[in-house]
Amino acid sequence: MMATTTVNTPVKSPPRRRHGSAGVLFIAPFMVLFLLLFLAPLGYAAYLSLFQERLIGGSTFVGLDNYVTALKDPELLKGIGRVALFFVIQVPVMLLLALCFALALDSGLLRLARVIRLGIFVPYAVPSVIATLMWGYLYGPDFGPFAQISHDLQLPAPHFLSDSWMLGSLANIVTWEFVGYNMIILYAALRTVPGELYEAAAMDGAGAWRIAWSIKLPALRPALTLTLLFSVIGSFQLFNEPKLLMKVAPAVIDSSYTANLYAYSVAFISQQTNYAATVSFILGLVIVIVSYAFLLTANRRRTA
Amino acid sequence: MSGPFSNSPSSLSRRGFLVAAGALSLAACGGGGGGTSGSSSKPVGQADIDKAMKTPTQLTFWTWVPNIDKEVALFEKKYPAVKVKVVNAGQGTPQYTKLRTALKANSGAPDMVQIEFQAIPTFTITDSLLDLRPYGASALKSTFVDWTWGQVSGSGGEIWAIPQDTGPMGMLYRKDIFDQHGIQVPTTWDEFAAAARKLHKADPDVYLTNLAANQVAAWHGLLWQAGAKPYVTSGKSDITVSVDDAVSKKLGEYWGTLAKDGVIGVEPDFTDAWYAALNKGKYATWLTGAWGPAFLSGSAKATSGKWRAAPLPQWDAAKPSSGNWGGSTTAVIRSTKNPVQAAVFAQFLNSDPTSAKMFATEQFFFPATKTLLSEPSFLAEAPAFYGGQKVNQIFADISAQVDPAFQWPPFLDRVATDWTETVGKSLADKTDTVRALGSWQSRITTFAKSQGFTVKAG
Amino acid sequence: MTTATSTTATTVKAKRVPAEAGPSRRSPTRRRSTPLTIAMLAVLAYFLLPLFWLLVASTKSTQDLFNTFGLWFSHAPQLLSNIKATFTQDDGVFGRWLLNTVLYAGASALGAALLAAAAGYGFAKYRFRGHGAAFNLVLGAIMIPTTALAIPTYLLFAKAGLVNTPWAVILPSLISPFGLYLMRIYAEDAVPDSLVEAARMDGAGELRIFCTIALRLLAPGLVTVILFTLVATWNNYFLPLIMLNDPNLYPITVGLSSWADQAQNGGAGASSDMFALVVTGSLISIIPLVLAFLLLQRYWQSGLATGGVKQ
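Those protein sequence lines, which keep their order, are chains A, B and C.
Residue numbers for the first sequence follow numbering that gives the first Met the number 0, beginning at 0 and rising by one.
Residue numbers for the second sequence follow numbering that gives the first Met the number 0, beginning at 0 and rising by one.
Residue numbers for the third sequence follow numbering that gives the first Met the number 0, beginning at 0 and rising by one.
For the record, the hints were derived by calculation from the structure and aren't laboratory data.
Quick caveat, the model's predicted, so the values are computed rather than measured.
Take the hints with a grain of salt, since some may be wrong.
Here are the simulated DSS-like pairs of lysine-lysine, each with C-alpha atoms no more than 30 Å apart in a straight line [claimed, not checked]: (1) B/K197 - B/K140; (2) C/K83 - A/K246; (3) B/K281 - A/K246; (4) B/K336 - B/K41; (5) A/K77 - B/K429; (6) B/K259 - A/K246; (7) C/K158 - B/K336; (8) C/K83 - B/K300; (9) B/K228 - A/K246; (10) A/K246 - B/K50; (11) B/K50 - B/K140; (12) A/K246 - B/K429; (13) A/K71 - B/K103; (14) A/K71 - B/K448.
With the rest of the complex left out, here is chain A:
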């Protein structure tokens, strides 16, 4: 009896409170490391962001000047704008594909389902260094296979690495890398839908599409929220792929192509650690705002 009550009233039941101090001990190792390895550098970076260091003249305290400069910095704003655009284009496409693939796999209509599932997931196991190496080659405007095939077919070669296509080419690489991962999360969520629900729906005469709409999609909502949240963070922090493609397309991808890449360039090329910390915080703030805005809308929709 006590057990049932506990399950149905999950918040603030006395047994949990009584042993609360044990809880602190359980979370302690994680939190201590978190403090040391994450909060400490973060704090230090915040401290650094209040200073300015110059090659001539050393380090001086400038208060919030760096932040004021950053908020007016056209390179940073451009970089943020670009990843926002990237997010708006790439993430819906990727999640839609992941959803379609997950539904296809869950439908039971596929032969070789296991092979297909694993094959779509494999790119997730490939580090972005290697992924960009492979795609950088495939995109090659002279000697890449697509270029060679178009050449043989007397068609103009596709300009994957040109100014206008570049964001799309990057989106392709990121989608290739992560669709499988998102698909698996959605697929796993689909697998937990109890069989009885399907039997009940079949008895009511619901067709495949109706089932998908009324049973599967609602079951996917939490998983979709999760994948969307991670995608927000991932796309705003876009760094690896543009940095690695910079080598083959330096005229298109400049050092401020994405906000994160800008932070890196400021830190390592211009050697302005302090301003780089400022830029990182501002980017982090943007991500926090977008994430929470998104979470709030998602929760409001759910309770509505």
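Assemble the complex: chain A is given as a structure, and chains B and C must be docked to it using the hints.
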């Protein structure tokens, strides 16, 4: 900057253990760390030097030269008490980035480091290099080619590094393509431009040359050849920047027009597409440094026998000149705990006749020493890749034409990135290169001012 | 919180084998759709195309890489000699890199999973002051981009003398906010309070309960966290790039990248053949992870199931 976290009193017994473990491993490495070596130019006595060289020492040397352990072994043979650990921490810019980070943290920096000529001022502005004069380096002046000595010398007469190899610029060309289209080897830039148009018209799949839109080093080399002095530093904080002066504009006009008319390639170099292009005969010449011939013979084996070497085309046929692209030195980090041994190493590695010769024969570097540059066996080499031509002789002659007074900026990485985003981009996008030069100039001056320099525009 | 569904879900899960259960919950005579299969196979081809290129490219010499069509083999395949060259280059440093990666990824994955399990259990089963704030702080932490925070981390690590040691790579990887989130959900779902209460009434201490009862129940979630942290650390590039100066300490990502730099910037002799090694090395480095995922499929699927269902 001590920061507020160095004396945190909280729980951290785990941290204490880690610090101890870390300290043990660090000690085993013998890496550098807060140094005390002086910056005085009082010469260290020979007796002290000898004593230091007999003390068991562990040195760390960051370099990306392949198979350098052969030359290092010569040093260790002469000074058995001193052991040198060779670490490849990256090539060029990645290594400099790591070095700067390590210097900033005062932890993990090596004793000696390979630094290219153009990067030296970037490390002297931060007082990171050790002046080698007290350790007898002045005596080496006559060993090395004059312009290289100028490159490693500081404004106060300091000697910041010892030259290792050089890259005076010349032109490698495909004789077979020239013959096929009836093109004479251009000796002036006007002839070069005409040849570029003629070649591309005759065969639209081939370009006379490729001026990479991401290779600021080539641009600087060509500026150097044209007699420009884009960066002049006087004292520590005064700098004159003139990357859009008359000479630069002349180059901008010249190359911008060729790029806009589509008669030269502007692909990024050292990518696999570029290697493929060289192998397949897409480019009929390569304007490159003296390391180019050996490099090409390893990377474009399919075209063996078809290449020849020649000097760069000239602006003024009566006054032949050239610039330099690449070439490295060995420098000593100021904070090293073993300044004497490190300084002796830097000098030995590059001036000992056997070691210097090995660089030429094992790694195929182009020498920086006067002896090697006039050595008959070196000059007589006639590789089959170049149809039996005496390539070394040609580049040795070019080496004598390199202007000795070219200076580099104290923030090279920033300048390079800015070039790629302005001038390089204008070449790739076929827009106004002269205007791009103006953008480059203003970007550099803005940055320099923000860093506290007093900037004059030249 | 849909507690009803969650209980049902747990019951259903307990009844059947995780992972493959498609046919058992539908009518066994369901028709397979050929058009859909063909469409999905086309999708599969897209995903495997770059890997196919990698495989083909690994059989070629550097010269052939430049001179032959990318998606088909050359006339003189030399996969075995490429593999041999990869392992012997630079005194066998490639093998060293693989071992380093196994060490870093393995230690990080195990450590991260244990820490996340303990902390997830703590957050799930106990209430204490700062409970909500601490959890949200950790989740919010992943939103801050770490690229330019690398330098402050480096500076702090340098003070502790940890730079250029394996600790510099392992320690930061022990914190997995995703792992914490997953383990908390899993602990709430898979470790019933009734069980914990019963054990308490039997006189068991909290730690004992955790080690003997909870960990066993948390096992699938644990394996999931291990696997995903394994991937994240295996593929981690930026952190080790900043923290490590000695090539003998590099993981495979940084090592291959340094070879790629060497190949690009060329040079005569050995360096000019490096492209083939970079490609072959890349192929070899992917295999362990793919195998790990293949062999441990059933675990991570069920572990993810819970994480995906709950909010």
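Status of the hints after comparison with the structure:
1. Between B/K197 and B/K140, the direct Cα distance comes to roughly 47 Å. Violation of the 30 Å bound is thereby established for this hinted pair.
2. Annotation: proposed proximity of C/K83 to A/K246 holds, straight-line Cα distance about 28 Å (limit 30 Å).
3. Of the pairs offered as hints, the one joining B/K281 and A/K246 holds, with about 20 Å between alpha carbons and a cut-off of 30 Å not exceeded.
4. For the hint pairing B/K336 with B/K41, the CA-to-CA distance comes to about 18 Å; that is within 30 Å, so the pair holds.
5. The suggested pairing of A/K77 with B/K429 holds, with an alpha-carbon distance near 23 Å, which does not exceed 30 Å.
6. Of the supplied pair hints, the one linking B/K259 and A/K246 holds, its CA atoms being roughly 23 Å apart against a limit of 30 Å.
7. Between C/K158 and B/K336 the alpha-carbon distance is near 18 Å, which keeps this suggested pair within the 30 Å criterion.
8. Taking the CA atoms of C/K83 and B/K300, the gap is near 22 Å; set against the 30 Å cutoff, the hint holds.
9. About 29 Å separates the Cα atoms of B/K228 and A/K246, which keeps this hinted pair within 30 Å; it holds.
10. For the hint linking A/K246 to B/K50, the alpha-carbon distance of about 49 Å lies beyond 30 Å, and the restraint is violated.
11. Of the pairs offered as hints, the one joining B/K50 and B/K140 holds, with about 25 Å between alpha carbons and a cut-off of 30 Å not exceeded.
12. At most 30 Å may separate the alpha-carbon atoms for a hinted pair to count; A/K246 and B/K429 meet this at roughly 20 Å.
13. A hinted pair counts as satisfied when its Cα atoms are at most 30 Å apart, and A/K71 with B/K103 qualifies at roughly 29 Å.
14. Our distance criterion of 30 Å between C-alpha atoms is met by A/K71 and B/K448, whose separation comes to about 19 Å.
Comparing the model with each earlier hint shows violations of hints 1 and 10; every other hint is respected.
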